[in-house]
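Engineer: Sequence:
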Amino acid sequence: MNEQEKKRLTNQTISIKKKLEEHFELKVVQDFLSKDEKDELGDSYNYFIIEEDGFDAPMSENGKYSVSQNVYVTFYSEGRESLTGDQLDVLTLLHSSSFKFNGTEVNHLKLDNQDRFIDQVIFSFKRIIRSGC
Numbered sequence: 003m004n005e006q007e008k009k010r011l012t013n014q015t016i017s018i019k020k021k022l023e024e025h026f027e028l029k030v031v032q033d034f035l036s037k038d039e040k041d042e043l044g045d046s047y048n049y050f051i052i053e054e055d056g057f058d059a060p061m062s063e064n065g066k067y068s069v070s071q072n073v074y075v076t077f078y079s080e081g082r083e084s085l086t087g088d089q090l091d092v093l094t095l096l097h098s099s100s101f102k103f104n105g106t107e108v109n110h111l112k113l114d115n116q117d118r119f120i121d122q123v124i125f126s127f128k129r130i131i132r133s134g135c
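Residue numbers (the working numbering): 3 to 135.
Certain hints may be false.
Okay, the calculated beta carbon distance ranges per label pair [claimed, not checked]: (1) Phe119 <-> Val69: 36 to 44 Å; (2) Gly81 <-> Glu5: 18 to 26 Å; (3) Arg10 <-> Gly81: 31 to 39 Å; (4) Glu5 <-> Ile120: 39 to 47 Å; (5) Ile120 <-> His97: 18 to 26 Å; (6) Met3 <-> Gln116: 22 to 30 Å; (7) Ala59 <-> Gln116: 40 to 48 Å; (8) Glu83 <-> Ala59: 17 to 25 Å; (9) Glu107 <-> Ser84: 30 to 38 Å; (10) Lys128 <-> Leu28: 18 to 26 Å; (11) Ile16 <-> Ala59: 25 to 33 Å; (12) Arg10 <-> Gly44: 19 to 27 Å; (13) Ala59 <-> Phe119: 34 to 42 Å; (14) Phe119 <-> Gly44: 17 to 25 Å.
No lab work stands behind these hints, which were simulated from the structure alone.
A quick note: this is a predicted structure, and the numbers were derived from the prediction, not measured.
Heads up, the beta-carbon is just placed ideally off N, CA and C, and yes, glycines get one too.
Based on the provided sequences and hints, a complete structural model is requested.
Structural biologist: Structure (structure tokens):
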């Protein structure tokens, strides 16, 4: 049941990860950084995390019912020259008719007991999932 749609969503997530990795040449992980991934990054705070949220209420799309899902792409950045330019690149790489941009939230995080700041940009996207509901 829903196998074709599951495959499309998996391929979409793989494509998002690949686009970000190739363009930014940074680590991209899904859901959270594991201990091994943290160790691999060392003292670097330049990476992406992709998180998929729950489903929103069904809606009608051309007579077919679908649900939507929020997907968050969080960009952690330290010492990059143009955070605004990087944001535009992420939007250009990821926005599509099936993966719609909703907005960003920008935070500046201070590392404990250090004089270092990390930029955190959370990109919010909404994707449509065609299902039998």
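Engineer: With reference to the structure, classify each hint as holding or not holding.
Structural biologist: Outcome of the hint check:
1. Phe119 <-> Val69: 36 to 44 Å: holds (38 Å)
2. Gly81 <-> Glu5: 18 to 26 Å: About 44 Å separates the Cβ atoms of Gly81 and Glu5, which means 18 to 26 Å is violated.
3. Arg10 <-> Gly81: 31 to 39 Å: The hint (31 to 39 Å, Cβ to Cβ) holds, given that Arg10 and Gly81 are roughly 37 Å apart.
4. Glu5 <-> Ile120: 39 to 47 Å: Cβ of Glu5 to Cβ of Ile120: about 40 Å, so the range 39 to 47 Å holds.
5. Ile120 <-> His97: 18 to 26 Å: With Cβ atoms ~25 Å apart, the hint holds.
6. Met3 <-> Gln116: 22 to 30 Å: violated (50 Å)
7. Ala59 <-> Gln116: 40 to 48 Å: holds (44 Å)
8. Glu83 <-> Ala59: 17 to 25 Å: violated (42 Å)
9. Glu107 <-> Ser84: 30 to 38 Å: Between Glu107 and Ser84, where Cβ atoms are some 18 Å apart, the hint is violated.
10. Lys128 <-> Leu28: 18 to 26 Å: holds (24 Å)
11. Ile16 <-> Ala59: 25 to 33 Å: holds (27 Å)
12. Arg10 <-> Gly44: 19 to 27 Å: violated (36 Å)
13. Ala59 <-> Phe119: 34 to 42 Å: With a Cβ separation near 39 Å, Ala59 and Phe119 satisfy 34 to 42 Å, so the hint holds.
14. Phe119 <-> Gly44: 17 to 25 Å: holds (18 Å)
Comparing the model with each earlier hint shows violations of hints 2, 6, 8, 9 and 12; every other hint is respected.
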